[in-house]
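One-letter residues, chain by chain:
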Amino acid sequence: MSRAHWWRLIGPPLLAAAVLVAGTPAVALGAYQASIDVNTTAFNPPCDGDVNNIVPKMMTAARAAYVRLGHAATAYTGVDFTRARTLARTPFDWGYYVHSHGDYYWNSTDARRYTGFREDSGDCSQAVVFSKDIKAKRVGRQSNLVFVSTCHAADANTTMPDAFAIAKTKGFGANVLGPEFYVGYVGLQWDSDEWTFEQRFWNGLATGKSVGASFDVAMLGAFNAPGFDADWWGTYQWMGVAGPWTTCRNCI
Amino acid sequence: MISTILRRRLTLGGLAVAALVAIGASTSQAADPFVAGGRSTRHVDLPTRGADAAKARGHAVLTALGVAGARETVERLNDRFDHRTYDEVTSLDSRGRPVAITRLDLDGSVGMAVALGWHRVGGAAVDGPGAVARANASARAAGLSPHGRPDVRASAGAGGWVVSWPRFVGDVPVRGDGLRILLFADGTFHGLTRTERPLAAVPARILDRDAVRVLAERAVASRAGSRAGDLGVATVELAWLAPNARPDGTTLDAPDETLRLAWVVRFEATGSLADALRTVEVWLDAGDGHSLGGDVIE
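Going line by line, the protein sequences match chains A and B.
All residue numbers for the first sequence refer to the numbering used here, where the first residue is 6 and numbers rise by one.
All residue numbers for the second sequence refer to the numbering used here, where the first residue is 4 and numbers rise by one.
What the hints contain is simulated information worked out from the structure, not anything from laboratory work.
One should not assume that every hint holds.
What the hints assert, rightly or not - Cβ-to-Cβ under 8 Å is the rule here; a few derived chain A residues that face chain B:
| # | residue |
| --- | --- |
| 1 | F48 |
| 2 | D53 |
| 3 | P96 |
| 4 | N162 |
| 5 | F177 |
Claimed, not checked - No farther apart than 25 Å at their CA atoms in a straight line, the calculated lysine to aspartate or glutamate pairs in the DMTMM-like style are these:
| # | chain 1 | residue 1 | chain 2 | residue 2 |
| --- | --- | --- | --- | --- |
| 6 | A | K137 | B | D278 |
| 7 | A | K142 | A | D85 |
| 8 | A | K142 | A | D167 |
| 9 | B | K58 | B | D35 |
| 10 | A | K140 | B | D96 |
| 11 | B | K58 | B | D48 |
| 12 | A | K175 | B | D96 |
| 13 | A | K137 | A | D167 |
| 14 | A | K175 | B | D189 |
| 15 | A | K175 | B | E199 |
| 16 | A | K173 | B | D189 |
| 17 | B | K58 | B | D110 |
| 18 | B | K58 | B | D278 |
| 19 | A | K140 | A | D167 |
| 20 | A | K173 | A | D115 |
We put the beta carbon where it would ideally sit given N, CA and C, even for glycine.
Given these sequences and hints, build the entire structure.
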């Protein structure tokens, strides 16, 4: 583990203690909490003219995967997936998955762009959750597995990993970054290909492959679009298990 | 494309055992389909003789690709998402760490191979034509003979390049099928996948393109209500694809095992609708126009 990251290991207990003193929201009680935010409203009638049967599968699979990794995982959609609720939960999230419309959105307050995604909110008018919003709430606390299942989440200029205190560095071999891994899509991608990628990724983890190996196997799916692409940052050999480091059996 | 694949056969005895296991797996798969949230692969017993043969074959494949380790482990898996049963051979280094994986079809041919880990670019990066040449060499090393014009693209996830030889039937693309090879930026091998799924019979009569367009527009309009005007038809094309819904509209958790000839009607979003989604595809059976599912870019 890098010395630069040591403080992130004690950050979560300190944060948890502060929360307990201040009054504990119900969401803080689960060990190694993971939130799964899924926008279903935007991609079904009346917001979209065609029924999207892929998104519910993604939600079910992601929640099950985080549970298998040892998280107390809860899925949120509709009025439970709003900007306000996501930002209220994020300080307590060790794991996070979101599936929604994503982009490199213009932020008029800061007069610059940030990577972000749209809330669900249960209606067709959906606010953007900017990476800077998440970063302000998490203030550098350790993340485990963060899967941003949106377009542009892993473009070269993405600002989303930093919101979860994950450097855009590929840790492999002796370069071990901590128990963290960020996955997202590059450019525009179809839901059917994202579903194929995600099922292969979750299945890799479920069968004992590292996060990096699961990513590599997932990249070899039968994708409909020839331009399918995703990217990652974090520790390749980490097994995805919730919480701080215990052991990394495949690290050098 | 893959019609002339050089298939290296296991022994006749091994094939007979493999065929029996495959029949059993196929039958149970139909009765027990993949359900979202569960594992898509499950263990299938593999006789010692078959395991030894698979490990030897896997070692040979990974050695030819330049990524073999010191020893191998093997597990036969029934993959209910991909509708395949294969031997997954994992190559380990001298300290027992996985360094490569290959998935062998039950006739010993390579379905997938991957070099695990991240490869920092030490030497010079290759360009597109260089990537095609390297991918061709990797394919041949794995016993495959790609034909046709390759599609070559830069890829972040691959670490450099993806070179594909997509499958066509006549002029019609078979979505997701073909040979795809991932290379690191300097041209070294990263991954390979070969997919050739069964196709349904071609319908006796193919619906007219204009009729299909009307059908798709009507379907979208009935469901989108006032927002239907924000979706305009961009293209109408024939393709072979794996349905993701049944004719009654219920969902399939895994893409269907058999590909069907479909009219793919693509709608582009405009106006306020484009804030939430970009493109929608409606998939209609090319013969009778029933829904085969669809897709969306959000």
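**Request:** May I ask which of the numbered hints given earlier this structure violates, with the numbers listed in increasing order?
**Result:** When the structure is compared with the hints, numbers 3, 4, 9, 10, 15, 18 turn out to be violated.
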